[in-house]
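Asks: Please build the complete structure, drawing on both the sequences and the hints.
There are 2 protein chains.
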Amino acid sequence: MKIGIFDSGVGGLTVYGTLKKKFPFCDFVYFADTAHLPYGNKSKKAVISYSRRIIGFLAGKGADLIVCACNTASSVAVPELKKESPVPLYGVIEAAAEVAKKSKRVAVIGTKLTIKSKAYEKAILGKKSGIKVFARATPLFVPLVEEGWVGTDVCRRVVEIYLGDIKKYRPDSLVLACTHYPVLRGLISDYLGSSVKLIDSSSIVNVLAKHIRQGSGSGRSEFFASDDPAHFAETAKNVMKIGVKKVKLCTKFV
Amino acid sequence: MKIGIFDSGVGGLTVYGTLKKKFPFCDFVYFADTAHLPYGNKSKKAVISYSRRIIGFLAGKGADLIVCACNTASSVAVPELKKESPVPLYGVIEAAAEVAKKSKRVAVIGTKLTIKSKAYEKAILGKKSGIKVFARATPLFVPLVEEGWVGTDVCRRVVEIYLGDIKKYRPDSLVLACTHYPVLRGLISDYLGSSVKLIDSSSIVNVLAKHIRQGSGSGRSEFFASDDPAHFAETAKNVMKIGVKKVKLCTKFV
Chain A
1 MKIGIFDSGV GGLTVYGTLK KKFPFCDFVY FADTAHLPYG NKSKKAVISY
51 SRRIIGFLAG KGADLIVCAC NTASSVAVPE LKKESPVPLY GVIEAAAEVA
101 KKSKRVAVIG TKLTIKSKAY EKAILGKKSG IKVFARATPL FVPLVEEGWV
151 GTDVCRRVVE IYLGDIKKYR PDSLVLACTH YPVLRGLISD YLGSSVKLID
201 SSSIVNVLAK HIRQGSGSGR SEFFASDDPA HFAETAKNVM KIGVKKVKLC
251 TKFV
Chain B
1001 MKIGIFDSGV GGLTVYGTLK KKFPFCDFVY FADTAHLPYG NKSKKAVISY
1051 SRRIIGFLAG KGADLIVCAC NTASSVAVPE LKKESPVPLY GVIEAAAEVA
1101 KKSKRVAVIG TKLTIKSKAY EKAILGKKSG IKVFARATPL FVPLVEEGWV
1151 GTDVCRRVVE IYLGDIKKYR PDSLVLACTH YPVLRGLISD YLGSSVKLID
1201 SSSIVNVLAK HIRQGSGSGR SEFFASDDPA HFAETAKNVM KIGVKKVKLC
1251 TKFV
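Those protein sequence lines, which keep their order, are chains A and B.
For the record, in the first sequence the residue sitting at position 76 is 76 according to our numbering, with numbers rising by one throughout.
So our numbering is basically just the index in the second sequence, starting at one, shifted up by 1000.
Everything labelled a hint here was simulated from the structure, so no lab data went into it.
Check the hints yourself; a few may be wrong.
In silico SDA-like pairs for lysine to any residue, Cα to Cα no more than 25 Å straight-line [as the list claims (entries may be wrong)]:
| id | chain 1 | residue 1 | chain 2 | residue 2 |
| --- | --- | --- | --- | --- |
| 1 | B | Lys1022 | B | Glu1080 |
| 2 | B | Lys1241 | B | Gly1164 |
| 3 | B | Lys1118 | B | Ser1203 |
| 4 | A | Lys2 | A | Thr18 |
| 5 | A | Lys132 | A | Asp172 |
| 6 | B | Lys1252 | A | Gly56 |
| 7 | A | Lys45 | B | Phe1057 |
| 8 | A | Lys167 | B | Lys1082 |
| 9 | A | Lys237 | B | Pro1139 |
| 10 | A | Lys45 | A | Lys83 |
| 11 | A | Lys252 | B | Lys1045 |
| 12 | A | Lys112 | B | Val1154 |
| 13 | B | Lys1118 | A | Pro229 |
| 14 | B | Lys1122 | B | Trp1149 |
| 15 | B | Lys1118 | A | Glu234 |
| 16 | B | Lys1118 | B | Lys1128 |
| 17 | B | Lys1082 | B | Lys1104 |
| 18 | A | Lys237 | B | Lys1044 |
| 19 | A | Lys252 | B | Glu1080 |
| 20 | A | Lys116 | B | Ala1233 |
| 21 | A | Lys118 | B | Gly1148 |
| 22 | A | Lys112 | B | Lys1118 |
Replies: Below is the structure:
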């Protein structure tokens, strides 16, 4: 069985890492749309158009199912593209919402486009009404992670500023609605306290478990990037601490 | 006379503002490649390809000359595209280097791609040997400016961290090699001291003055963006404090 995964950049590798660990017998094909990253400041229309082309590409590479590991694209593109996708398409929102619905007070942080879409509120409240949801955009987290500044006083201060209102709101859980954010898990937990459950996009593993056929792959992973594969591999290693080999350039969408 | 200007986003509006003030009688056509912003983390090949298409577009709109207001594209694309451009093409580097060569010790800050290209070192030393040049990438400045955090303690601290080595180096001048950075002028000057001359991309005005024919336009400005024109107009107003009206969407390159 082959799992297709896509994201605008390295963030989705946190999802890839979790899936690879859980389903080591599967094959994986990962597409990073580095020519258009970040998706968080693009329009809905553009993100749908990019996602549509990538889904076609991954299906063409033999993916039996596709995970959109980008929260922005999961918010604005997956709902539009689910029906037309040639293979089953999963965003990361439903799975996180499934976990979040166990809380009474949920907070959500993500990119501007993800938060503006209200996709998480809709997904959580669609599962169970009466839950309180508080969401805010935290756009500086991605550049801080990509710059490798997670351990700095600056990053700590940005966490305080962005999460100050969330702390006052006293949530039971916080959804990290961007695949870069798990890198900030320790810092966020230090600030909010360990009683706040952190939910990330890796929750998708629970959904996929129902659809994955055991032992039906060779455990191979392939990586493609729409721009600068060497830089993608370097960031994967330095920022996400995940080694990827032989990233191939695929410029047909640029 | 019509001046074409392009950048990946709103940054080039600092150059547009200066040129518009100096040459109010000219017509302007501005292209923001918001579908691909930021250029600073894309490959040289991609930035050349984007710039080539935009130059063709602006020439098609009747530009008599084109200013590449993006430092990244000026570093990696303008040298490659100068010969093939149908109208005179100016990057922002030569003009800033012309001012910088009056100093003995020059510092340069910009995006990763701009600094990696060593375009400023080459331009400055090509004009006058023996000048000491110290360059470093400061990638968090753009997201801080775009997030509207210029007045915060976080931004002040990032300035201290990024410019700490530069302060020790005791430069006579600092080149702000990114069109977003003039917004940080006050903060940078506070930290380095007012004796350090700040040189920005608006120096291009000195070069153009030789080529602009007085009174040969109607003072009209047109704006195009390759994605989300409303967001471009909003950021222009909120971040760059420049009002732009009727930004048209141009998706032919996306």
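Asks: Given the proposed pairing of A:Lys252 with B:Lys1045, does the C-alpha separation stay at or below 25 Å?
Replies: holds, 14 Å
Asks: Between the alpha carbons of A:Lys237 and B:Lys1044, is the straight-line distance 25 Å or under?
Replies: holds, 21 Å
Asks: Given the hint that B:Lys1118 pairs with A:Glu234, does the C-alpha gap stay at or below 25 Å?
Replies: Within the cut-off at roughly 21 Å; holds.
Asks: Would the pair A:Lys252 and B:Glu1080 pass a check requiring their Cα atoms to be no farther apart than 25 Å?
Replies: At roughly 22 Å apart (the allowed maximum being 25 Å), B:Glu1080 and A:Lys252 satisfy the hint.
Asks: For the pair supplied as a hint, B:Lys1241 and B:Gly1164, is the alpha-carbon distance within the 25 Å limit?
Replies: violated, 29 Å
Asks: Within a Cα-Cα threshold of 25 Å, do B:Lys1252 and A:Gly56 meet the stated pairing?
Replies: Holds, at roughly 21 Å.
Asks: Has the given pair, B:Lys1118 with A:Pro229, been kept, meaning a C-alpha gap of at most 25 Å?
Replies: holds, 22 Å
Asks: For the pair supplied as a hint, A:Lys2 and A:Thr18, confirm whether the alpha-carbon distance does not exceed 25 Å.
Replies: Answer holds: A:Lys2 to A:Thr18 is near 15 Å, not above 25 Å.
Asks: For the pair we were handed, B:Lys1022 and B:Glu1080, check the Cα-Cα distance against 25 Å.
Replies: Cα-Cα ~29 Å, so violated.
Asks: Within a Cα-Cα threshold of 25 Å, do B:Lys1118 and B:Ser1203 meet the stated pairing?
Replies: Cα-Cα ~19 Å, so holds.
Asks: Check whether the Cα positions of A:Lys45 and A:Lys83 lie no farther apart than 25 Å.
Replies: holds, 17 Å
Asks: CA of A:Lys132 to CA of A:Asp172, is that 25 Å or under?
Replies: holds, 10 Å
The structure fails hints 1, 2, 8, 14, 17 and 22 (numbered hints given earlier, in ascending order).
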